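What follows is each chain in one-letter form.
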Amino acid sequence: MDNIVERLTRAVAQRTSRRSFIARLGKLVAGGMMIPLLPVDRVAAQSSSTSPVARSTPAPNRDNDQTCDYWKYCAIDGYLCSCCGGGSHDCPPGATPSPTSWVGTCRHPADGKDYIVSYRDCCGKVPCGRCLCANTVGEMPLYRTQLDSDLIWCFGAPTMVYHCSTAEIVGVK
Amino acid sequence: MDNIVERLTRAVAQRTSRRSFIARLGKLVAGGMMIPLLPVDRVAAQSSSTSPVARSTPAPNRDNDQTCDYWKYCAIDGYLCSCCGGGSHDCPPGATPSPTSWVGTCRHPADGKDYIVSYRDCCGKVPCGRCLCANTVGEMPLYRTQLDSDLIWCFGAPTMVYHCSTAEIVGVK
Amino acid sequence: MVKRKALFALAIWVMAASGARAQLPPDQMTSYKLGAPQPHWAFILDSVFLAPTVSKVDIVDLDAGKLLGQIDGGYLSNFEFSPDRREMYMIDTFYSRAWHGTRSDAVSIFDAGTLAYKGEISIPPKRLLIVPKNNTTGITPDGRFLMVANLTPATSVSVVDLKSRKFVGEIETPGCVQVLIAGKRKFASMCADGSLLTVQLDDSGKPLSRKQSKPFFDPGKDPVFDQPAIVGNTIYFDSYHGQIYEMDLSGDVAQTKSEWALTSDEDRKANWRPGGWLSIAASEKGDLLYVLMHQGGEWTHKQPGKEVWVFDTSAKKRIGRFPLKTDGYSIRVSRGPNPILESLPLMQSQIETYTAPEGKYLGVYKDIGTAFLVSGP
Amino acid sequence: MVKRKALFALAIWVMAASGARAQLPPDQMTSYKLGAPQPHWAFILDSVFLAPTVSKVDIVDLDAGKLLGQIDGGYLSNFEFSPDRREMYMIDTFYSRAWHGTRSDAVSIFDAGTLAYKGEISIPPKRLLIVPKNNTTGITPDGRFLMVANLTPATSVSVVDLKSRKFVGEIETPGCVQVLIAGKRKFASMCADGSLLTVQLDDSGKPLSRKQSKPFFDPGKDPVFDQPAIVGNTIYFDSYHGQIYEMDLSGDVAQTKSEWALTSDEDRKANWRPGGWLSIAASEKGDLLYVLMHQGGEWTHKQPGKEVWVFDTSAKKRIGRFPLKTDGYSIRVSRGPNPILESLPLMQSQIETYTAPEGKYLGVYKDIGTAFLVSGP
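Keeping their order, the protein sequence lines are chains A, B, C and D.
Under my numbering, residues 1 to 173 are what the first sequence spells out, in order.
Under my numbering, residues 1 to 173 are what the second sequence spells out, in order.
Under my numbering, residues 1 to 377 are what the third sequence spells out, in order.
Under my numbering, residues 1 to 377 are what the fourth sequence spells out, in order.
Bound conformation, chain A alone (with noise of 0.2 Å):
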């Protein structure tokens, strides 16, 4: 579990040259706060899902990415950045990626493994407002600050404002 964690931290803190930022992420860290991740196992135990209610057979759309059937969706909350002029993992024009994000785990339907998600909002527009998502495999509430989708997550970006979300594969559990 602890390898999850570091690698999360180093794999965001690597595309982030706010150093600032990562002290003040360590400092969250030694504060106990990001033990979180454990529900992982339990959701490893699941196939993705489009609504909060797991499915068993494929959804039609966890194919295409602006959809929340799509199966790295599994536990993302807000505007799909993939209706709004950006991508799965990528941000529309303009907008900065977060440097810091809230974690999933989805099971990708074709090769049957486990990916960790993490899901980074991008930051800096107002709501973009198209495709508003709110799957919650794995979710938790503020106390598992990591794992709460319902937060803005962007800190260490530019501005606290939030314009829509994505899905970045960081690696397999």
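Hints are computed from structural coordinates only; laboratory data are not their basis.
These figures come from a predicted structure and were not determined experimentally.
There may be inaccurate statements among the hints.
As the list claims (entries may be wrong) - No farther apart than 27 Å at their CA atoms in a straight line, the calculated lysine-lysine pairs in the DSS-like style are these:
(1) Lys366(D) <-> Lys325(D)
(2) Lys221(D) <-> Lys163(D)
(3) Lys317(C) <-> Lys269(C)
(4) Lys118(C) <-> Lys184(C)
(5) Lys221(C) <-> Lys113(A)
(6) Lys173(A) <-> Lys221(C)
(7) Lys173(B) <-> Lys221(D)
(8) Lys325(D) <-> Lys360(D)
(9) Lys257(D) <-> Lys221(D)
(10) Lys269(C) <-> Lys184(C)
(11) Lys113(B) <-> Lys221(D)
(12) Lys33(D) <-> Lys66(D)
(13) Lys366(C) <-> Lys366(D)
Got chain A sorted already, so can you dock chains B, C and D onto it with the hints?
Frame of chain A; chains B, C and D shown alone:
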């Protein structure tokens, strides 16, 4: 005609202590901007109307100040303050009456008289969002500023943020 | 029929005309006052999802179905009412350029009788930004201190002295978030390991004591929701799987008072569980709990509730249940006589009312934007 | 049938699985670029009526029905595109506290290829605040000067040098409003008496000459709309009663070039007249005019158009007409090859497209908020 302009300006001015604003208004009048009010004659020749098309039969709601049909609203444009916690000529709590306004003339369906109506915005809050009306009897383009209802008529109010619209009887034509 | 109506309307105008030979006097424009808040008034916090840098509170008389007024806020603001009902507060975040620029956080103060803006108290630009939740801000029962949960993502609590109109200081709460007001000068934060941190303040708003409890639930197995029902010193947490954890905060450190299930074996077989945004509400006296319930599997904790279940907190037993006209996402029970249950469906811009605890449908008020929370006097 | 579909879907997954034995590589998050603007891209200005202190521009590929990106603004902002298509501008008003506080007006600059914010140019906090209209801001054809109409309610025009990124000065235009760009370094304002004020600028943005024309229409009898169609030095004003006033601004002072009627006697009998918000549009070359037409009486100048009528500007004759699927409130004709007519209905959050000038319905794009204006490259 000049009398009406003068009376209107005085009536509005009486209720504002913002001398700097009045000074500016003076400049405006001096600048030749406050000729307008001409179409009042033409407006007066018509009965009040709810949709922009003048009605010959009484509108069923012309006594109900929470509808666009209300007789005083023949040239109102915006959210009705009477649906927003205010009245037909009163601001909702915490909103500020603008000392400036556009004007219209509406015929009262009962006494048959033509009233000069000052459409004063309530300002200092974002739009109320209820009962949007866009009546256009006597409504003129920007170059006849005093008769343009699309402008934010919060000149002289603490801020130019528009909340809702009222209709205040200023006098009889 | 139509003709008869038209004649009737005409008759009214003729009558009005005869009674009003003289011309109407000029109007005198004023601003209305709000007056003393009534129990069935709702203060509905709308985050304006498409432009959340401007929040709104719609003040609605639910009996009359009438908007009484509005106050505005900043980015994902919280709303608080002073315990004496004389003031309202928006806990705000502003950017100097609407969507960018310099961030400033502040507590904006409004007169409750006139809705006039009275000024602001500046706070550190660190407040927790989230789709609005209860217990990310809170006021002590004496009205003296306002607490604001911070997340940067390091966690702390800003303390504001409402009497002296000053930011007093920041209390670090490592590993724990939120402000659950649980006594005269006391708040609790929820910690990642399933424990509660109890912080006692002195008269200057500085921490007197800070004591973390043992974990009272297992977040890895059955997480509790983070918007519990609070009655005085008692906090009722509902969990994803339908447990109630009753916590006693009368002492320096939180103690478990009871743990019981919302659902019977039969209910669980039928997959009944709590869910929604704000899934639990307590009656004023604390004798009853109202919980939004739906039928669903694992991770359906945010599915709106089909029914409201009513529980007796002493007997720890369900005493009633009723269906909602529209599935509910957040609920509240009004204070005072003739309590009503207020239910906000998910993204449907409406609030429904029911008698409490009977659950007789009373009506609906529409046009409240994207509201997730409702509060009241 | 459902079963067959499911099997088919399964087959795809199996195929995908066999071709993807190795695991998917980690994603690399980036921000997309916009690229060179295409003729059928629409830049739709949404004033977000319920929270107009944040304006938005939706950039939409109308052929693909796809949102390409957005830029944000302040209170009732205007949008302008630099003539070389390298930059976009929002002409903004901000309050320091979202809905109150100190007002600042500014021109915000965006890179057109990346939509990155590049900075701002401060202007006097006087800009005309209105539901967005064309010709309350404008850019000279060489891209050098941006003009902003002011109303306090005294009237003037702020001049911004886009090259040196500086506010240059304010030109008083007593009795006249707006900025109709009508030549290299020239703009016109519309005056209350029905005349035009022509202002010529020098290379530093200072007024070289200012000449007011004779009244060319009678505002008391037949007002012209204030958002005319402009082609180079020529301005086509449509009037409430359906006249076209063609004004020549090639000289120091505006001259009437022609006056003709959009409607025949028969049309007038049937009460056809122009109306809407932005009721007139010209083709790129200026050979054609498109006008939103409806049937209605006096003071129906804002009734949305049932049809678009197409006129030949040399023959001064109607050459076509076509119905709109949804009544239109504002229209625009795209530049470049294969022009399309873009129509915004009133408060219906959609933009419809038609071939121009034939009027074949092409499609609709939804979800554009409360948009009143559309522009393009």
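Verification of the supplied hints:
Pair hint Lys366(D) plus Lys325(D) holds up; C-alpha atoms about 14 Å apart against a cutoff of 27 Å. A distance of roughly 43 Å separates the Cα atoms of Lys221(D) and Lys163(D); the hinted pair therefore is violated under the 27 Å criterion. Distance check on the hinted pair: Lys317(C) and Lys269(C) sit about 18 Å apart at the alpha-carbon level, within 27 Å; holds. For the proposed pair Lys118(C) and Lys184(C), the alpha carbon gap of about 26 Å is at most 27 Å, so the pair holds.
The hinted pair formed by Lys221(C) and Lys113(A) meets the criterion: a straight-line CA distance of about 23 Å does not exceed 27 Å. The hinted pair formed by Lys173(A) and Lys221(C) meets the criterion: a straight-line CA distance of about 20 Å does not exceed 27 Å. For the given pair, Lys173(B) sits about 20 Å from Lys221(D) by alpha-carbon distance, which is consistent with the 27 Å threshold. As the CA atoms of Lys325(D) and Lys360(D) are separated by approximately 10 Å, the hinted pair is consistent with the 27 Å bound.
Only pairs whose Cα atoms come within 27 Å are accepted, and Lys257(D) paired with Lys221(D) is accepted, the gap being roughly 20 Å. For a cut-off of 27 Å, the pair hint linking Lys269(C) to Lys184(C) is broken: about 42 Å separates their Cα positions. About 23 Å separates the Cα atoms of Lys113(B) and Lys221(D), which keeps this hinted pair within 27 Å; it holds. A hinted pair counts as satisfied when its Cα atoms are at most 27 Å apart, and Lys33(D) with Lys66(D) qualifies at roughly 15 Å.
Between the alpha carbons of Lys366(C) and Lys366(D) the distance comes to roughly 23 Å, so the proposed pair stays at or under 27 Å and holds.
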